[in-house]
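Asks: Here is what each chain is made of, one letter per residue.
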Amino acid sequence: MELTFYIAAAVAVLSTIMVITRYNMIHALLYLVVSFLAVAVVFFTLGAPFMAALEVIIYAGAIVVLIIFVIMMLNLTQEDVQREKEWLKPSVWVGPTILSAVLLAELVYIVAAGTPPQAEAVVAIDARLVGLSLFGPYILGVQLSGILLTAGIVGAYHLGRQKKKVIHRFLQERSAAA
Amino acid sequence: MNASTMEAALLLAGVLFMLGLISVLIRRNVIFMLISVEIMLNAAGLAFIVAGSKWVQPDGQVMFIFILTMAAAEVSVGLALILQIYHQLKTLDSDAANFMKG
Numbered sequence: 001m002e003l004t005f006y007i008a009a010a011v012a013v014l015s016t017i018m019v020i021t022r023y024n025m026i027h028a029l030l031y032l033v034v035s036f037l038a039v040a041v042v043f044f045t046l047g048a049p050f051m052a053a054l055e056v057i058i059y060a061g062a063i064v065v066l067i068i069f070v071i072m073m074l075n076l077t078q079e080d081v082q083r084e085k086e087w088l089k090p091s092v093w094v095g096p097t098i099l100s101a102v103l104l105a106e107l108v109y110i111v112a113a114g115t116p117p118q119a120e121a122v123v124a125i126d127a128r129l130v131g132l133s134l135f136g137p138y139i140l141g142v143q144l145s146g147i148l149l150t151a152g153i154v155g156a157y158h159l160g161r162q163k164k165k166v167i168h169r170f171l172q173e174r175s176a177a178a
Numbered sequence: 001m002n003a004s005t006m007e008a009a010l011l012l013a014g015v016l017f018m019l020g021l022i023s024v025l026i027r028r029n030v031i032f033m034l035i036s037v038e039i040m041l042n043a044a045g046l047a048f049i050v051a052g053s054k055w056v057q058p059d060g061q062v063m064f065i066f067i068l069t070m071a072a073a074e075v076s077v078g079l080a081l082i083l084q085i086y087h088q089l090k091t092l093d094s095d096a097a098n099f100m101k102g
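Just so you know, the protein sequences line up as chains A and P, in that order.
Residue numbers for the first sequence follow my numbering, beginning at 1 and rising by one.
Residue numbers for the second sequence follow my numbering, beginning at 1 and rising by one.
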């Protein structure tokens with residue numbers, strides 16, 4: 001279980017780094033799926049199998065497919081890839097990266113030199129407990145997320161709608177003549 | 001679950017969140033910025049799961065479900081906005097939207 005966790009964590013970090021450094025969007029989305037799957041494995045090793053399933057279904061499934069649909073609708077060209085490439089020149093980010101790496105090494109050292117570990121077994125929290133909690137003390141939150149999703153649907157429909165251009169027939173004839 | 005793994009999981013959540021934040025700051029493509037926000041939300045959810053696993057309570061997982069719901073609503077509205085930006089400006093460069101003077 002321990003080794004599984006560390007390997008999945010390493011995969012998650014590496015694939016997330018690949019996501020944020022790709023110029024091509026579809027490549028980035030493939031790495032994004034890998035990153036979500038690795039986080040799902042981490043959830044599993046932490047004793048949350050129901051959340052691992054939800055992560056795979058909703059994040060790696062629904063949300064990524066939604067983004068892919070939009071990318072296909074936009075029909076992007078090579079120019080966008082070139083423009084992103086110009087923004088990510090090494091001379092721009094090397095200095096801040098080295099300084100941040102020093103800070104990260106300090107943080108890792110502080111965390112590693114913390115309290116000594118004590119052996120405990122993994123306790124899984126299954127879907128039944130989560131459901132009892134959701135529809136017990138958190139029932140107001142469930143209703144609020146229903147309202148939030150309704151607002152999201154209505155908002156996405158309203159914002160994404162293509163406005164129909166209404167041209168008066170007099171102007172139409174003039175533009176046809178010109 | 002022993003304490004060192006717990007700390008490593010929290011560290012993983014922090015690293016993923018920082019990667020998402022860095023990506024939001026350096027990318028100029030609005031779709032990449034949306035993806036980075038998704039990474040940050042996922043890292044925050046991971047921190048909730050770790051906390052719920054630490055105290056053996058389902059509350060952390062309930063919070064993760066709420067974060068998931070919020071992420072789904074947010075990505076649908078965000079993608080609709082991206083479509084509108086692309087139809088108005090014919091580009092995905094977020095700098096091109098500076099006429100809003102925000």
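I should point out that these hints are in silico values taken from the structure, not numbers from a laboratory.
Honestly, I wouldn't trust all of these hints.
Stated by the list, open to error - Residues from chain A that face chain P, not an exhaustive set, calculated with beta carbons under 8 Å:
1. 24
2. 26
3. 28
4. 61
5. 83
6. 84
Stated by the list, open to error - Derived pair list, reagent style EDC-like, types lysine to aspartate or glutamate, alpha-carbon separation capped at 16 Å:
7. P/54 to A/126
8. P/90 to A/126
9. P/90 to A/80
Note that the structure is predicted; figures quoted are calculated from it, not measured.
C-beta atoms are modelled at their ideal positions from N, C-alpha and C, and glycine is treated no differently.
Asks: Going through the earlier hints one by one, which of them does the structure break, listed in rising order?
Replies: Numbers 1, 2, 4, 8, in rising order.
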